[in-house]
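Participant: Chains as they are written, first to last, in my numbering: chain Z, 47 to 321; chain E, 47 to 321.
Worth flagging that the hints you see were computed from the coordinates, not collected in a lab. Each hint should be verified, as a subset may be incorrect.
[Claimed, not checked] Derived SDA-like pairs: lysine to any residue, alpha-carbon spacing no greater than 25 Å straight-line:
no., chain 1, residue 1, chain 2, residue 2
1, E, LYS221, Z, ASP200
2, E, LYS73, Z, THR161
3, Z, LYS58, Z, THR292
4, Z, LYS151, E, ASP200
5, E, LYS197, Z, ASN206
6, E, LYS151, Z, ARG113
7, Z, LYS73, E, LYS221
8, E, LYS197, Z, ARG219
9, Z, LYS197, E, ARG155
10, E, LYS50, E, PRO249
11, E, LYS221, E, SER49
12, E, LYS151, Z, THR292
13, Z, LYS246, Z, ARG219
14, Z, LYS129, Z, ARG285
15, E, LYS129, E, PHE289
16, E, LYS197, Z, TYR204
17, Z, LYS58, Z, ARG298
18, E, LYS129, Z, ASP200
19, E, LYS197, Z, THR210
20, E, LYS151, Z, GLN119
21, E, LYS58, E, ARG90
22, E, LYS60, E, GLY114
23, E, LYS197, Z, ARG186
24, E, LYS151, Z, PRO75
25, Z, LYS151, Z, ASN228
26, Z, LYS197, E, GLU174
27, Z, LYS129, Z, GLU174
28, Z, LYS73, E, LYS151
29, Z, LYS60, Z, ASP297
Number of protein chains: 2
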Amino acid sequence: MNSKQLFENIRKKKSFLCVGLDSDIDKIPGFLLDHDDPVFEFNRRIVDATAQFTVAYKPNAAFYECRGISGWQSLERTAGYIKQHYPDIFIIADAKRGDIGNTSKMYARAFFEGTNFDAVTVAPYMGEDSVTPFLSYDNRWVVLLALTSNKGADDFQYHNDNGTRLFEQVLHRSKQWGSIDNMMYVVGATRAEMLEDIRKIIPDHFLLIPGIGAQGGSLEEVVRYGMNAQCGLLVNSSRGIIFADTTSGFDRVAAQKAEELAGEMSDYLQNFNLI
Amino acid sequence: MNSKQLFENIRKKKSFLCVGLDSDIDKIPGFLLDHDDPVFEFNRRIVDATAQFTVAYKPNAAFYECRGISGWQSLERTAGYIKQHYPDIFIIADAKRGDIGNTSKMYARAFFEGTNFDAVTVAPYMGEDSVTPFLSYDNRWVVLLALTSNKGADDFQYHNDNGTRLFEQVLHRSKQWGSIDNMMYVVGATRAEMLEDIRKIIPDHFLLIPGIGAQGGSLEEVVRYGMNAQCGLLVNSSRGIIFADTTSGFDRVAAQKAEELAGEMSDYLQNFNLI
Chain Z
47 MNSKQLFENI RKKKSFLCVG LDSDIDKIPG FLLDHDDPVF EFNRRIVDAT
97 AQFTVAYKPN AAFYECRGIS GWQSLERTAG YIKQHYPDIF IIADAKRGDI
147 GNTSKMYARA FFEGTNFDAV TVAPYMGEDS VTPFLSYDNR WVVLLALTSN
197 KGADDFQYHN DNGTRLFEQV LHRSKQWGSI DNMMYVVGAT RAEMLEDIRK
247 IIPDHFLLIP GIGAQGGSLE EVVRYGMNAQ CGLLVNSSRG IIFADTTSGF
297 DRVAAQKAEE LAGEMSDYLQ NFNLI
Chain E
47 MNSKQLFENI RKKKSFLCVG LDSDIDKIPG FLLDHDDPVF EFNRRIVDAT
97 AQFTVAYKPN AAFYECRGIS GWQSLERTAG YIKQHYPDIF IIADAKRGDI
147 GNTSKMYARA FFEGTNFDAV TVAPYMGEDS VTPFLSYDNR WVVLLALTSN
197 KGADDFQYHN DNGTRLFEQV LHRSKQWGSI DNMMYVVGAT RAEMLEDIRK
247 IIPDHFLLIP GIGAQGGSLE EVVRYGMNAQ CGLLVNSSRG IIFADTTSGF
297 DRVAAQKAEE LAGEMSDYLQ NFNLI
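Turn these sequences into a full structure, and let the hints guide you.
Facilitator: Below, the structure is given as structure tokens:
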């Protein structure tokens with residue numbers, strides 16, 4: 047999928063919602079634990095209920111890895127299920143990988159050959175050769191951390207070299223490694239005030255925006271400062287959708303929550319004359 | 047294991063060698079492919095041959111993840127085998143993880159509860175709350191990336207805020223998050239000239255030093271600038287040991303290479319009056 051196709055999907059669905067599948071086995075409804083693969087069953091029902099409002103899913107690898115081999119099985123089955131039943135939906139492995147060149151090549155293989163992901167999140171600390179191996183696959187994307195939503199972002203991401211903060215340096219350098227068709231950036235919704243500066247450096251790239259909902263970010267501000275002529279936004283919500291309810295009707299409630307967010311997004315897309 | 051015990055093991059073995067188990071299935075001797083789990087069989091033989099010269103093993107997760115579930119099985123079996131047969135040897139999961147707090151907690155669980163690792167490498171970009179969840183386990187360590195051995199280290203790690211480069215800022219901040227008994231730092235041997243500055247900030251911490259051998263770093267320089275009164279060094283070699291030979295005698299050749307490096311290390315330890 048390239049950026050144009052992603053935008054077309056956004057227009058079709060009238061939504062730029064990404065649902066985060068942070069499917070902690072300790073938080074899913076108890077009755078699912080009778081299934082062979084409770085986390086996959088949870089994800090399957092969430093996906094079936096929310097797919098019409100959603101252009102992307104983002105399972106976070108940590109919630110799967112912590113269960114060892116059975117967790118990896120749930121993750122692979124989830125990506126496979128989405129790709130099979132909803133081929134237009136963009137699937138991001140939120141794995142925050144990155145290593146020296148010959149090793150990053152192995153991570154790229156893990157996510158782009160062994161499984162069905164369209165994109166993987168990558169941490170920029172180790173620089174160019176840690177990122178470019180992921181960019182050698184057609185139609186696969188790197189989602190590079192720029193300015194994250196957590197408190198710890200303050201520790202290093204604002205490190206200021208003659209007026210250029212680290213997250214800006216990450217944007218300046220890395221935008222030369224790929225294109226708007228294979229790179230996007232993580233910018234936390236809790237840092238929406240920085241989106242104006244960020245758009246000066248990367249006006250045309252897609253941004254993946256976590257931090258709406260439980261973390262306190264505002265969709266309205268994200269749109270005001272971050273939206274561009276191709277929308278340029280994937281806004282993620284995880285806990286606020288998938289754990290909104292823990293009864294047997296959890297998937298219906300998740301669908302309602304997704305529909306609400308998609309409804310707001312549709313309004314913003316109209317205001318910007320994008321649909 | 048705490049830093050004193052690690053130093054005791056170094057004195058006992060007269061070595062501060064860490065062997066990197068970057069066990070690429072495409073590079074291991076072909077005759078092993080007949081085994082049910084060729085990579086585990088390769089690792090088992092490497093470990094049995096080199097353990098007497100080695101204080102640590104460091105499997106890099108990427109080389110396992112790229113094989114999906116069967117790769118994770120090889121990784122878990124390898125860690126379990128080392129812990130069972132060589133309980134004094136320190137096992138580092140070179141995974142370069144890191145995410146927002148509640149997610150890093152899941153990664154910590156993956157490496158410290160599900161498996162037998164003593165330490166995991168962590169990328170610092172996301173700051174304090176991405177690192178501290180790993181520090182809540184007794185006798186388990188974070189190995190934080192400071193200054194890496196690859197070319198891409200130049201892209202961001204020297205970003206200079208009023209005379210403090212990013213890798214120095216990582217050291218300044220993060221040394222307050224843990225202690226010399228649960229944190230060490232990655233400094234590439236190819237950056238040995240920086241060890242003098244690094245030792246001013248963290249005189250007492252252990253350093254994990256990759257980049258000897260295939261990547262061109264010098265053991266002599268690492269020791270000159272990096273060794274402290276408790277040795278303070280784990281020097282890693284991967285390809286130079288494990289893939290030194292690909293015949294049926296690969297494990298004997300690996301042992302020779304490990305013994306050579308351990309011999310040099312023993313001389314340095316004597317020169318510093320540490321043994």
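Participant: Look at each hint and say if it fits the structure.
Facilitator: Cross-check of the supplied hints:
1. E:LYS221 to Z:ASP200: Between LYS221 (chain E) and ASP200 (chain Z) the Cα gap is close to 16 Å, so the pair holds against 25 Å.
2. E:LYS73 to Z:THR161: holds, 22 Å
3. Z:LYS58 to Z:THR292: With a Cα-Cα distance of about 30 Å, the restraint between LYS58 (chain Z) and THR292 (chain Z) is violated, given a limit of 25 Å.
4. Z:LYS151 to E:ASP200: At roughly 20 Å apart (the allowed maximum being 25 Å), ASP200 (chain E) and LYS151 (chain Z) satisfy the hint.
5. E:LYS197 to Z:ASN206: holds, 22 Å
6. E:LYS151 to Z:ARG113: Holds, at about 13 Å.
7. Z:LYS73 to E:LYS221: Outside the cut-off at roughly 34 Å; violated.
8. E:LYS197 to Z:ARG219: holds, 14 Å
9. Z:LYS197 to E:ARG155: holds, 21 Å
10. E:LYS50 to E:PRO249: Holds: LYS50 (chain E) and PRO249 (chain E) sit about 15 Å apart, inside 25 Å.
11. E:LYS221 to E:SER49: Status holds; Cα separation ~15 Å.
12. E:LYS151 to Z:THR292: holds, 22 Å
13. Z:LYS246 to Z:ARG219: holds, 14 Å
14. Z:LYS129 to Z:ARG285: holds, 22 Å
15. E:LYS129 to E:PHE289: holds, 23 Å
16. E:LYS197 to Z:TYR204: Within the cut-off at roughly 23 Å; holds.
17. Z:LYS58 to Z:ARG298: holds, 22 Å
18. E:LYS129 to Z:ASP200: Not satisfied, since the Cα-Cα distance of roughly 38 Å exceeds 25 Å.
19. E:LYS197 to Z:THR210: OK: LYS197 (chain E) and THR210 (chain Z) at ~21 Å, within 25 Å.
20. E:LYS151 to Z:GLN119: This hinted pair holds, its Cα atoms lying about 20 Å apart.
21. E:LYS58 to E:ARG90: holds, 22 Å
22. E:LYS60 to E:GLY114: Measuring from Cα to Cα gives roughly 37 Å; hence the hint is violated.
23. E:LYS197 to Z:ARG186: holds, 24 Å
24. E:LYS151 to Z:PRO75: holds, 21 Å
25. Z:LYS151 to Z:ASN228: Holds. LYS151 (chain Z) to ASN228 (chain Z) sits at ~16 Å (cutoff 25 Å).
26. Z:LYS197 to E:GLU174: holds, 8 Å
27. Z:LYS129 to Z:GLU174: Answer violated: LYS129 (chain Z) to GLU174 (chain Z) is near 30 Å, above 25 Å.
28. Z:LYS73 to E:LYS151: holds, 15 Å
29. Z:LYS60 to Z:ASP297: With a Cα-Cα distance of about 21 Å, the restraint between LYS60 (chain Z) and ASP297 (chain Z) holds, given a limit of 25 Å.
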